[in-house]
Each structure stands twice: as C-alpha cells, then as structure tokens.
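Student: Can you build the whole structure from these sequences, using the hints too?
There are 4 protein chains.
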Amino acid sequence: MVVIIKPDAKKEQVNTFLGWVRDMGVETNVVVGKELTIVGLIGDTTKIDFDLLRSISIVDDVRRIQEPYKNANRKMHPEDTIIQLGERQIGEGFFHVIAGPCSVESREQIGGIAAHVKESGATFLRGGAFKPRTSPYAFQGMRAEGIELLVEAKNQTGLPIVTEIMSVEHLPLFEEVDIIQVGARNMQNFELLKELGHLRKPILLKRGLANTLEELLMSAEYIMAGGNRDVILCERGIRTFETAIRNTLDISAIPFLKSRSHLPVIIDPSHAAGMAWMVPALSRAAVAVGADGLIIEVHNDPQNALCDGAQSLRPEEFEALMGDLRALLGVMGKSLSADEAVTAE
Amino acid sequence: MVVIIKPDAKKEQVNTFLGWVRDMGVETNVVVGKELTIVGLIGDTTKIDFDLLRSISIVDDVRRIQEPYKNANRKMHPEDTIIQLGERQIGEGFFHVIAGPCSVESREQIGGIAAHVKESGATFLRGGAFKPRTSPYAFQGMRAEGIELLVEAKNQTGLPIVTEIMSVEHLPLFEEVDIIQVGARNMQNFELLKELGHLRKPILLKRGLANTLEELLMSAEYIMAGGNRDVILCERGIRTFETAIRNTLDISAIPFLKSRSHLPVIIDPSHAAGMAWMVPALSRAAVAVGADGLIIEVHNDPQNALCDGAQSLRPEEFEALMGDLRALLGVMGKSLSADEAVTAE
Amino acid sequence: MVVIIKPDAKKEQVNTFLGWVRDMGVETNVVVGKELTIVGLIGDTTKIDFDLLRSISIVDDVRRIQEPYKNANRKMHPEDTIIQLGERQIGEGFFHVIAGPCSVESREQIGGIAAHVKESGATFLRGGAFKPRTSPYAFQGMRAEGIELLVEAKNQTGLPIVTEIMSVEHLPLFEEVDIIQVGARNMQNFELLKELGHLRKPILLKRGLANTLEELLMSAEYIMAGGNRDVILCERGIRTFETAIRNTLDISAIPFLKSRSHLPVIIDPSHAAGMAWMVPALSRAAVAVGADGLIIEVHNDPQNALCDGAQSLRPEEFEALMGDLRALLGVMGKSLSADEAVTAE
Amino acid sequence: MVVIIKPDAKKEQVNTFLGWVRDMGVETNVVVGKELTIVGLIGDTTKIDFDLLRSISIVDDVRRIQEPYKNANRKMHPEDTIIQLGERQIGEGFFHVIAGPCSVESREQIGGIAAHVKESGATFLRGGAFKPRTSPYAFQGMRAEGIELLVEAKNQTGLPIVTEIMSVEHLPLFEEVDIIQVGARNMQNFELLKELGHLRKPILLKRGLANTLEELLMSAEYIMAGGNRDVILCERGIRTFETAIRNTLDISAIPFLKSRSHLPVIIDPSHAAGMAWMVPALSRAAVAVGADGLIIEVHNDPQNALCDGAQSLRPEEFEALMGDLRALLGVMGKSLSADEAVTAE
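Protein chains in written order, with the numbering used here: chain X, 1 to 345; chain U, 346 to 690; chain F, 691 to 1035; chain Z, 1036 to 1380.
Treat the hints as calculated values from the structure; they're not laboratory data. Be careful, since some hints might not be right.
Claimed, not checked - With a Cα cut of at most 30 Å, we get these calculated DSSO-like pairs of lysine-lysine: (1) U:K392 with X:K194; (2) F:K1024 with F:K765; (3) Z:K1105 with Z:K1236; (4) X:K70 with U:K476; (5) X:K75 with F:K696; (6) X:K131 with U:K463; (7) F:K821 with Z:K1229; (8) U:K476 with X:K201; (9) X:K154 with X:K334; (10) U:K539 with X:K131; (11) Z:K1110 with F:K821; (12) X:K47 with X:K11; (13) U:K392 with U:K355; (14) X:K201 with U:K539; (15) Z:K1166 with F:K891; (16) U:K415 with Z:K1046; (17) U:K392 with Z:K1041; (18) X:K6 with X:K47; (19) Z:K1046 with F:K884; (20) X:K6 with F:K760; (21) X:K201 with X:K47; (22) X:K10 with F:K760; (23) U:K356 with Z:K1105; (24) X:K131 with U:K476; (25) U:K679 with U:K546; (26) X:K10 with F:K821; (27) X:K75 with X:K131; (28) X:K131 with U:K356.
Tutor: Here is the structure:
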C-alpha cells in the first residue's frame, strides 16, 4: 500500500502514524518530497483496514498496490487450478457445458431433459431446487424434493449435478450434489461462504449483479480461506443502465479474471440475456473469449408448443448449439470434456 | 397486466393462451385492433410469473400495471404506518435519529458513545456486532459479545438498540435487540427475510447497492407476507459509475417510496458518503426531502486525535448537526421524537 | 502523480523512463523499496498523458494525487467565485431560482409564464429555443424565433434569461442571452466549450448523464482555460440502473463540488425527477444540502386542465414551493436574491 | 402505443383526451375493463411526444409497442443493409477490420502503420486527427494536417480511411475521408447528426458511454432521416460500476442490434478494454458473436521499446490476431473482405 500524507501534517503526527502502522507488523518506507510525503507499507497488508487508513486525519489518500486476495491470486499460484471431480477435470483446457432446466418441476421433466442434454454432449446437469425469487408469491422451488429428483436423474444418466444453495441450514440436503452453486444474490452472504469453505466440494460462485470483479475474487477468497480451494467463478451479467437486455454480459470479465486468478471461469448466457434466442451467440462468444465452460438453461415442454421458456433453449436448439461450440472449440485448440472422455474410452 | 400479442399469432394460439391464463384464476379482456391484439389480465396477478408470460412464443411484450407488492402498497393501505415500540412511535411525523459507532469494540467505547448521543438527542443506539466485510481477513465484529455490550448500553441509557443480523442461525441472540437491521448485502437473502417475517419486532431493511426501489418493496413484502408489518425502509446509497463518492445517495428514493408505500423511510448518510465531512449536508437534505429519520455513525476516540473515522462523526460534530436538524425539522413542521417525549414529560 | 514501477523492471529501463519524464519538465522523486519502486512526479503534471503513462511497459500503475483541473480548483482559488451579472450576484450566499417552461412555444406562453414566475420570486427566466430531442421526428424548438420571444419576455419583466446552445454556429443568436446553458448531452462537446471560453458571459454547464464529477470540472476547465471564468455547475441527475425515476439526482454532488471547486453549483430537479410532483421535495433538499440555486420548469396552460406537464410545475405550485424555499433558506442563513434586491430598494 | 387510463378518470376527461389524440392523426382503440381503461393508439405514433402523453393527468402510464425508429428498423427493411464503398461492401457476410493508430502523429508514423496493417489484412485505415480529450491541456490532435497525412497514407496503400469529426464546421476537411466517424461523446450531438444526414458518405456511429441501444438507433435515425442510409453502428463499451476495466464491452449489443436493425454493426475492443493485452480475446468474441467488423488500434514505435500503447497492439501482435480471426471467420462461414478481394483478383 502507498499512503499519501497531507502536505500540512506535522512531523509528530507523521511519527505517531508510522509507529501505529509498524505495530501492526508492517514495514514502512517513507519518502519526503517537496510537496508531499509518501509512505510505502511493505509486508502483509491484507489485515490493514483500508477504510480506517483513509480516515486518519493526516492521510490524503491510500492506494493499494497488491491485490487484497491471496489464495485466489495468480501471482501466488501461477498455474491454472484444475479441479478434479471423479474422472472429470475442470479448468483451463477442459471445457464444460452444464445444462438443464431453470427449476426442477417433476421427475419426468428433469429426467427427460437430463437424457436429452447428455445426448447432446452436456457434461453436467443443472436444475434449481431452491429458487431465489423477487416475489414472495412466486414459486419458490421444490426444495428438498427437487434435490432428490436431481439425484435420481444423476443416477440414471451419469451426469454429475449442480444446484443452488440459499441458506446454511439447507447444507445437509446437498450431500449428493456434485457442485454447489452460490447465486448472484448470495455472493456476499459471508456467513454462507464461510461454511462452504469447510466443505471439500467444488463451489460454483456467481458474480453478484452489481459486484466488481475484485469483490468476486474476495468472495472466492472467503471460501478458500476456509480450506476449500475448488472454486469456479461464473460471470452471469451485471446490472447497468441498459434495459433492452436483462443484464449486460461482461465478456471482458473472462480475460480479466483469468489473468488475475488461476481459478476456472465460466459464463451463464441464459441469465444474462434473459432471452433464449440470444443464448447461442453469447455462448459462441464465451468459447472464443477463452471461458472454461458454460451453464445453459434447457427446457423440455413438447406438449405445450406455446412456451419457449424466456431464457431456456429447446432441446433441438441446444443440440444445434453444441455443434457450433464444438467447431469453435476446435479452432481454439480445445474440446468438450465429454467428447474427450468418449474418445478416451 | 397488459399482454401484447404478436401480429402474426394465429387465432387458435391466442385461444390456447387465453384458456391457460384463465385457468390461473385471472380474467381476460381482449382487444383486437388492426395491427395488434392486446389482452388485459384482471384480478390477482401477483402469482403470475412475469418472465414466463414474456416467454410465450406469441407474446410480444407484457406490461405490468399494478405493482407486484400488496402489503407494502399504499393503494392497499393509504394511511402511513406508525410503528409502536414501547412508548416510541416511528413513521410519518415522528422523526428519529439512530446513532452510534460502526462496530461495537468494547464496553467503554459503546457505553461512552451511547451516553453522548443520548445527550445530543439521538432516539436509538446503533452499533455493529456482526460485520459484513468484503475481506475474510478483516475484523468480523464482536458477534455475540457485541450484542451483550449493546444491551448493557441500552440498560444504562434507556436508548433502544438497532443492530444487524447476518444469518438466520444467529436469531436467538437478537432477543433483546429492539430493531433488527438487514444490511444491503442481505436485502435479497430471501430465506432470512422469511424468518424475520415470523417475528413481532421491527425490521430495518436497507436497500441493496444495486437494487431497484421496487425490489426493495418486494423484500419488504417478503417480511410482511409472513405477518410482520413493522418494516422500516432505508436508503443508503447505490452503486453507480461515479467513484468520487463511495455510493450515490438516491435522495429521490424518499418521495418515491413514501408515495408508493405507507412504510417509514429513513436515510443512512454515513455509508452513502463514506466521508464524515459530507454527513451533515446529506442529513439536512434528508430532513428537507421528507425522510422519517436518519441512521448516523458517531465515534468516540478522544485519546487518539489521529483518527477521524472515515465516515463517523465526532460527538461534538454530531451535537452540532442535531442542532441544525432541529431547526430544519421546525420549518418542516416536525420535531425530533426525543424532544417531544421530553416536552410531554 | 505517483508512478508504481513493476517489480521486474530493469535498472536501465527505469533510468530511460526517468529521463523521459524529466524531459517533460517534471521532477522525479524515486523510492526504491524491497518489493517495489515508486516514482513521485513533482511539478506541473497537467500536461502528462495519464493513459500514456499507464501504458509504459515497466509501469504497474499510476495514481494521481493532484486534481487535473487548475482554474476550477478551490486549492488554487480558495474564495467562492461570485459571478456579477448586472446588479445580480451568483454564488455562495446568493440563492437564485431560474424558472420557466421546457420550450418556448409562443409569445403568449413565454410572456405569461415570465410574469408569473417573476411574481413568485424567480430571479431568472428559462426557456428552450433549441431543443435536444432523442427523436428526429420530435419538435426541435422554435430556434431563432424562440430566442427572440425570450428577449421580449426579458424586456417586459426585467428577468435576465437562460437558454441552451446546441452548436457553435448558433452563437451569434445568443447576443442578448444573459446566461448560456450547455446541456447534458453537450457537456463533452469540446469544440463548443472552447468557443464559449472566448465569451465574457456566464455559462451554465450541466453535468452529462453519465459523466463523473471530475469530468464535469474538466469541462468547466475547458471554458475557463479560454479566459471565461464565469461557469455555473449544474447537477441534473445521472443515469443509473434505477428505472422508477427518470434520473438519479446525485445530491452528494453539491457538497463534493463545493469542496473541490469555488464555482457556484445549482440543481435541476425537474429533469432529474421527470415528474412534477417530486420537484418540491427535491428543491427543498437542494436548499438544505447547500446548493446555490435551482432551475425549475414551470408551465402555464390554464385552458387545458388535462395537461400537467410531466415535469413542469403549475404556476400556483411554483408559488407555494417558493414559500417553502424561503423558509428553509432562512434556517440556512440565506435568502432569495430577488428578495434581497427588493429589500435593498 | 398503449395508454393506460387512471381508474378515477371521468368519462368527459377520457373523451377530451381521445379527441386530442385523434387530432394528431392517430386512431384509437378503447377497451373499458372493470378496473382500468386501455387506449391503443394505432397509426404513425412517431410524432407523439411520449413524455407529454405520460404527463396528462388522467394517464397512468404509456407503453410503447412499436419502436420509435423507422429507417433503421428491420421490420421496415428486412434485408441487411450492404454499404457499397467503391468495390468494397460492408455489412452481413463482409467482415472488415479497420486498423491504425489512436492519433495521427507524423507522416512516418501513419505511413508505416498503414503499410503494416494492410499487409496483415486490414481493410481500412483509422487514425485520429481531431481528438476529443477530457483535459484542455492534453494533445488535441494534428487536426487539418492529420487528415492530410491520412489521405497521403491512403494514396500510398490503397486503404480507404476512417476518421472522427468533432464539429460541423470541420466538415469541408472531410472531403477525401471515406467513412466519417462520430465519436461516443457526440452520439447525441443532434445538430452534427443532422448535417451528416445530408452527405452521401458512410457514417461510423459509435455508441455513447451511457446511451441505450434504442438511443443509438435513434441517433442513426437522425442521420437516415436526412437521406443518408449508410450508417455503421459501433459498440465500444459502456460505463458501469466496474472499474477494473475501462469500459464494459456490451457484447450482447451485437445480436440485439442485428435483430432490431438491418445496419452493419462493428466492435471497438481497444477503447472498451483500454488494455492492449485484452484486445485479442475481445476481438475473437466479436467474430463469434456475429459482428460485421472490428476497429482496432495498432501502433508502431520500434525505437521506443518502453511504450506498449495502453490500448494499441504492436504490428506483430496485430498480425497474429488476424490469423486467429481468419480461422474463427472460417468456422462462422465468413471471410475477411480483403481476402475475398484478393481471391477475386
């Protein structure tokens, strides 16, 4: 950290300040210039309260030089993290497509979609059991029963499952869930993150609608500080002034996160766009920009031709998309993890 | 709701759609124009999934006419809600100032500040026991012990206390807390909101950094739907592109919320500004715009002249501010609740 | 400026860099620490290209310490600027209300409104002659004729006039305009700002919808660098994610701008809110927060009771508001400039 | 448009309103429901003032059904616009890469870069002669001389040129410029747009930092309404709360604009990212998402190894990128326009 001291600070004040900082185990490097004095803080500054420092009366400004995250930082861990999940590997070079319905609605529904997406090449099954809904009057998910149905679908298809947790209290229900998802609204539910840090199970951490990329990495840090190193970051669109599209997919987040951190990064084009017709274009962009995977909503409603599913692809649309993605992955020198597995067999 | 049907929709499709809507217990009013067909949905549409409706293939757009909140809606409850807390009343006409430190740090600290702010006219004592911190390495609050110290300070000064909850699991610790605060990051922690709906204790609900005013009212609705009608809304600044000031205080939120809802609305100028010197100006604006109260950070650190407290006022600054607020309240035809109480005695 | 050098920079590279910087007439102060090297740039750094500096391969980051504006900076000019316009003074302590219709529509309209607002205490008349409209098919203003009608109204009432310029080419038409307004969309029309810098006439500079406060001050700097020191800053709401209200009035901009700059700062509550009913509350907040004036839309349409004017007050509403503002100004130790003038006579 | 009438409106008021609307040449379709009355406005509603309509006292809300743009609307013009520029075609299926330095600095610089980018496959040369700079103290471009140097480079390489205009007054200097660029800050400089509408020369219209996609299309409409149909839209990043990256590239803008409009849409990854290392990833995403081209900054500074050019690629980086883009274009069933031309020869 670099601390800029106000020009009118008295010498004794500066000395008191330096003593206070050193008491926290941080070394100081003072430069006295004509117009201003600059103090460099050297050592482990992660414990120093940035806001408190700025609040000191003789301090003009504080500039952070080192990132406030350690475990998630590529500088501390230059190689890409590859998460091992059974025989599957998640991370740079292993592209995954997590697919499934927005919500689990019935055994037939989740089973049918699971079979479909597997056939098209999806490598994970997703489905919401606990649903964060803006309105208390909207469907809140099948909850415990939804998770049971997901596990059944996993047993039938062999696809590992990803589903969202909304409260620490529900953790016992997630025993057989392969990847636990933290939704955008809970990205800074710090008590929940701490608990997930004690698990030995990958966490899919979605970026909050108005959270910076640094805050996303700090939330990953909460989980990793507890000992759980298997965090997958997910960009799912941010809230901006634009209203034509539900959320603004921050595509630049992928190269940025991959340069700052060694963790895998995936994209959720379905929630970002909120419109199924836009999902294929955004999914292609995700591959080309260098993401490590996608999480895509697919629905299955043959009896009701009326419904498109605002943000969900029909199975045949998903299948066509997977073909396009394979071609692009080829150009990028990657392949779908499921395809590799098939080849390996 | 008004549903606009696509021009190329077939008659049978429209009929199927109308049947589907009516099955949900909602009446339809169809207007067939030359260029487009419009369907008005009449009745209780709060259960209709807005996004699902938009996703139907023949639907061009859906426009909500009625607000999706009921209990928090002024149309359903035209008179201002006045929350009764012992002898105190909170709501339109009863201006409150909730004051205290950012975090509870020690018995001396919280006791000293409590005595000070009471003397200056504060009507509630605030102080953080559980602290939501971006970094896992930062001080997380005194937790249970912090609440105990708050209760002690309450017993000594007679000031009722306000403090933040971060997890459903901590609820038993909040027995003697007078108003439970839900922080900005938990505004859409729906599982927590549901639990608070079962209490009979006022909830101070802070707006999320990037949540719309409608979403804030929907979160109030979560609490009220559970039976707890005593919700106080709090504007504390939103996240925008501007970086010179920590958050952008959305002053217009006050007249907007008070026109749409009957709930009390207060302002937190300390967190919005992030700089103590700006708090008095914003506090005056809060009175003039018609807020029902303020929640202000005050610190007490006489032995360490170095620290200003980035966003906390010194006791003497707080006292001066209270004088200004009293004068403005007079012009607005209001008075500080504590002063009234004194007058009444 | 403080330049942080990358840890892996070679000594010769640092020396080349230092030479390059000194060639620009800036002194350097180098601190070599264990982990990083910091270079302080001392002297007039306003000509240094911030982005170019950051782009240098051995540079990790650049932090500005001094503001990039000089003429608008309170540090260079501690006393408040008081603009003298005939017998009127504009600035700290002299509160002004600029009132009038959105657009000039006819002699009767502008004349009628001018008489009304003068009677209620307005100190300036506003009215749009050139109208920036999102749609090319919308009314673009009466243009030259509109300005003529404004001048007529000025001659009849004695109220000086404020109206917006949209192109350098129209400048000759603004001879008799007292204050030239630069609208939000032209805040960074730098060629226009340069021309206005050559005038000796106050400029009312509105903040762009998505411009930072520093950018607003830099645009003022464009005008001042040309020799015209009479710039009035205007906060009129910014674009955020919130859609319930047209723009988010950034009330904190007032104390911020007044602390950083000596220029007068006013508020436009009409454009911010976009709804007339909200204008009185925001106007009161403007007085309480310390603004130097208001620019308010007032319409006059007695024959058409149907129209409220989305964001315009009716004359009687404006009159009532002026009464409230006078009372608040009294508490703030200020008075309406027009009242003072009356008192002085 | 659909107008929702307030429940308490009186019958005569509604009739007065209907008469007023019909006087504007628009038909009305009234639906009287139990709880509300809805009026559909049918016909050419582009001239109706949306805000005025909302301001009518008996109107609860107004919802637009048809887009307010006509000439730019795909509904009115289903086939993609292909702009013919000499032998070049711009639009769907013809991918272009516009490359060159941020600013024209000297004959050697622009000539050298022009030769390089042509060899790598660029199809247009870009370079700033008039530079919009936040600070009045920063380099404002070589202006007229810069354009002359661009024209020289065009004559030497055969690459048509693209450069930015900042004021109507400079138009005579743009005679030999092939595509005139309107920068983000001038996207709503309506007087400038009107003038450009009278030209017969393609306009590259960049999206403003905080302008919606609808506003971008309305600005295109300003140009097209004047008779100039050759508008190229450009997404260059928007301003959001995220500060880690200069602007947030709104990648979803491409599929959105291409679905709503028939105009070509390109991406500027250099200004969005502000960091050269991120440009290749974003450029690849642009191809995959379906953009019609890219505008990329390339610099040429062999003698000064120190400078990377914050957002400019080095010639060899640009060459490598072009190889990647060709491969991706192949998968997308497209090819670089320059390559086609070569093939055709």
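Student: Each hint should be assessed against the structure and marked as holding or not.
Tutor: Checked hints:
no.	hint	result
1	U:K392 with X:K194	violated, 35 Å
2	F:K1024 with F:K765	holds, 25 Å
3	Z:K1105 with Z:K1236	holds, 20 Å
4	X:K70 with U:K476	holds, 21 Å
5	X:K75 with F:K696	holds, 13 Å
6	X:K131 with U:K463	violated, 44 Å
7	F:K821 with Z:K1229	holds, 13 Å
8	U:K476 with X:K201	holds, 27 Å
9	X:K154 with X:K334	holds, 26 Å
10	U:K539 with X:K131	holds, 13 Å
11	Z:K1110 with F:K821	holds, 29 Å
12	X:K47 with X:K11	holds, 26 Å
13	U:K392 with U:K355	holds, 27 Å
14	X:K201 with U:K539	holds, 28 Å
15	Z:K1166 with F:K891	holds, 27 Å
16	U:K415 with Z:K1046	holds, 28 Å
17	U:K392 with Z:K1041	holds, 23 Å
18	X:K6 with X:K47	holds, 23 Å
19	Z:K1046 with F:K884	violated, 55 Å
20	X:K6 with F:K760	holds, 19 Å
21	X:K201 with X:K47	holds, 28 Å
22	X:K10 with F:K760	holds, 26 Å
23	U:K356 with Z:K1105	holds, 28 Å
24	X:K131 with U:K476	holds, 26 Å
25	U:K679 with U:K546	holds, 25 Å
26	X:K10 with F:K821	violated, 54 Å
27	X:K75 with X:K131	violated, 37 Å
28	X:K131 with U:K356	violated, 35 Å
Checked against the numbered hints given earlier, this structure breaks hints 1, 6, 19, 26, 27, 28; the rest are met.
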